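There are 2 protein chains.
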Amino acid sequence: MTAFQTLKELNDACASLPAGDEAAAKAAAARQDVLTKPQGSLGRLEEIAIHMARWQGRATPKLEKVEVIVFAGSHGVTRRGVSAYPAEVTAQMVANFAAGGAAINQLARAAKAELKVIPLDIDRPTADFTEAPAMDDADFLSAVSAGHDAVARNADLLCLGEMGIGNTTASAAVAAALFGGTGTEWVGRGTGVDVAGMKRKAEVVDMALAFHGERLRDPLAALARVGGRELAAIFGATLAARQNGIPVILDGFVSTAAAAPLAKAAKGGLDHALAGHVSAEAGHKRLLSHLDMEPLLALGMRLGEGSGACLAVNLVRSALECHAGMASFAEAGVSAKEA
Amino acid sequence: MTAFQTLKELNDACASLPAGDEAAAKAAAARQDVLTKPQGSLGRLEEIAIHMARWQGRATPKLEKVEVIVFAGSHGVTRRGVSAYPAEVTAQMVANFAAGGAAINQLARAAKAELKVIPLDIDRPTADFTEAPAMDDADFLSAVSAGHDAVARNADLLCLGEMGIGNTTASAAVAAALFGGTGTEWVGRGTGVDVAGMKRKAEVVDMALAFHGERLRDPLAALARVGGRELAAIFGATLAARQNGIPVILDGFVSTAAAAPLAKAAKGGLDHALAGHVSAEAGHKRLLSHLDMEPLLALGMRLGEGSGACLAVNLVRSALECHAGMASFAEAGVSAKEA
Chain E
1 MTAFQTLKEL NDACASLPAG DEAAAKAAAA RQDVLTKPQG SLGRLEEIAI HMARWQGRAT
61 PKLEKVEVIV FAGSHGVTRR GVSAYPAEVT AQMVANFAAG GAAINQLARA AKAELKVIPL
121 DIDRPTADFT EAPAMDDADF LSAVSAGHDA VARNADLLCL GEMGIGNTTA SAAVAAALFG
181 GTGTEWVGRG TGVDVAGMKR KAEVVDMALA FHGERLRDPL AALARVGGRE LAAIFGATLA
241 ARQNGIPVIL DGFVSTAAAA PLAKAAKGGL DHALAGHVSA EAGHKRLLSH LDMEPLLALG
301 MRLGEGSGAC LAVNLVRSAL ECHAGMASFA EAGVSAKEA
Chain H
1 MTAFQTLKEL NDACASLPAG DEAAAKAAAA RQDVLTKPQG SLGRLEEIAI HMARWQGRAT
61 PKLEKVEVIV FAGSHGVTRR GVSAYPAEVT AQMVANFAAG GAAINQLARA AKAELKVIPL
121 DIDRPTADFT EAPAMDDADF LSAVSAGHDA VARNADLLCL GEMGIGNTTA SAAVAAALFG
181 GTGTEWVGRG TGVDVAGMKR KAEVVDMALA FHGERLRDPL AALARVGGRE LAAIFGATLA
241 ARQNGIPVIL DGFVSTAAAA PLAKAAKGGL DHALAGHVSA EAGHKRLLSH LDMEPLLALG
301 MRLGEGSGAC LAVNLVRSAL ECHAGMASFA EAGVSAKEA
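Sequences listed follow chains E and H, in order. Note that our numbering has the first sequence beginning at 1, numbered continuously upward. Note that our numbering has the second sequence beginning at 1, numbered continuously upward.
Rather than coming from a laboratory, the hints here were simulated on the basis of the structure. Nothing false has been slipped in among the hints.
Just so you know, same-sequence chains aren't split out, so a pair can sit in one copy or run between any two.
Simulated pairs of lysine to aspartate or glutamate, EDC-like, Cα-Cα distance not exceeding 16 Å:
1) K337 - E88
2) K337 - D194
3) K8 - D218
4) K285 - E185
5) K8 - D136
6) K65 - D156
7) K116 - D149
Note that this is a predicted model, so its numbers are computed, not measured.
Assemble the whole structure, with the sequences as input and the hints as a guide.
Put into structure tokens, the structure is as follows:
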């Protein structure tokens with residue numbers, strides 16, 4: 001069954017997101033302050049433990065089931081020469097995921113995470129969004145629902161990645177629709193286009209902004225009109241995670257652009273999500289800044305697939321091992337700080 | 001037996017460091033370029049794989065035995081009020097390491113690393129280096145040798161951490177001796193001193209610089225005179241790693257200051273080392289910049305113990321899993337970039 005039959009159902013879900021568990025967060029913070037280390041000296045590892053407590057609703061968060069979902073989609077806009085790779089690479093990479101040969105297969109294993117790959121009608125590209133909505137309402141709701149349904153309700157942490165030749169252009173268009181600016185401000189090299197390719201990408205974004213105009217003011221409409229199926233699915237999965245007490249790690253520019261409409265649709269809508277990394281794709285840093293998110297890693301990566309999110313999992317695991325396993329000053333008989 | 005009986009033996013070892021294996025590095029770089037991803041899109045993970053190949057001397061580096069060594073030392077200079085914690089915390093934390101209750105115990109487990117803790121005469125503090133050399137030659141050579149001997153010759157990667165109340169002051173003095181500047185430029189909050197404590201730390205460093213004067217120009221003499229036993233041991237371990245084809249991950253300010261004399265004593269002396277992170281301790285960023293090292297992580301940590309180095313291990317593991325496990329474009333039947 002489809003999670004969302006109508007846009008109203010989806011809008012209603014966005015308007016009634018559960019809050020974090022402040023009691024669990026407070027208990028976690030209090031525990032951090034008595035562990036055998038100077039207060040605050042584990043830096044962002046302490047923040048991560050508290051974040052996980054708040055959004056799992058447990059003072060001692062667990063990390064038994066980590067899920068990585070990679071959604072794949074095909075983009076009509078590829079006919080405008082926005083990628084360094086031919087459109088058929090999307091399907092070829094899905095086959096590579098299935099065979100275990102892609103980066104994300106290795107990274108998921110190293111993160112002790114379960115990998116799911118979900119292709120979304122990749123033999124049927126979305127419309128070229130410079131001259132039509134990428135998806136109509138039914139197609140959009142179907143992709144959002146596929147993402148929503150894909151999330152295991154008992155996951156302890158969810159990483160969201162994607163594959164789709166052409167999707168950094170779609171993401172630039174979504175980001176521009178949500179936060180303003182022109183194509184030039186949001187496009188980047190993607191898989192490795194040259195300067196002329198960058199110019200084409202910027203023009204395509206500007207054409208899309210002009211074509212759809214005011215109708216992009218609604219964040220869900222922006223995602224449907226200039227996004228793509230894998231972006232819509234990431235949005236749906238981010239929403240499902242929030243509804244089920246599952247913290248999220250976003251990946252790069254595409255993953256972040258896909259989830260961003262939730263922050264626009266609801267105040268604090270992405271509070272349950274961490275930014276796994278900041279990618280080398282030019283618009284990502286700008287987008288994270290608009291979302292007030294501080295990335296955990298900055299390793300110059302620009303691959304997508306969920307690669308940066310997956311790398312951050314072991315930081316979360318380390319943070320939670322410290323949180324649960326360290327002795328307190330009292331337990332260890334270590335002298336406290338001098339007055 | 002002691003690895004180094006005389007300063008001449010130690011100086012000779014520093015003057016004859018083995019070079020990296022450029023053939024292995026070149027083969028690793030060539031492999032990275034045919035894996036199923038846009039070239040360069042794994043960013044620093046690609047650099048890490050090539051670094052490990054160069055310094056392990058294997059085109060496909062392995063990571064079966066990861067060693068974390070924490071050296072602990074006691075500092076006479078603590079009597080000058082340079083720490084927020086009493087000097088006895090060094091021994092208490094060594095007991096906490098043995099009982100498994102410290103951060104590094106949890107982090108080593110999460111990194112699948114073996115943890116060794118090596119206390120160096122912690123019931124016998126070094127001399128107060130504002131009025132005498134912290135260590136005489138015999139004491140210094142003994143600590144360097146202890147570090148050198150501690151390294152398992154079959155390790156695939158070595159993380160170097162420390163514990164020693166007062167040692168951020170010693171590290172600031174070593175850094176100032178090696179790279180110039182006054183106490184104020186190199187001291188930080190350490191375990192959490194207040195502004196008055198920072199001022200005392202800076203004064204102590206300046207007193208040491210004035211007392212030892214020109215004798216600090218020799219990098220090994222600087223380490224002996226204003227360092228500490230755990231710093232000398234980290235120096236010895238870093239040297240042993242280089243001699244045995246073992247890449248190193250340095251931790252924070254203390255770990256980096258301890259290894260830094262090797263870069264001064266020999267050109268490229270730290271080329272086999274990665275900076276695991278940049279800590280919140282003020283001088284660390286400055287020190288890494290002098291050493292031309294780009295840290296892998298920046299998480300606002302300031303704990304020491306090898307914590308930041310240990311966190312970086314899973315990045316290395318992930319990099320090597322990608323390097324060894326990914327399919328090439330030809331193997332996966334994925335189309336190459338368009339011309």
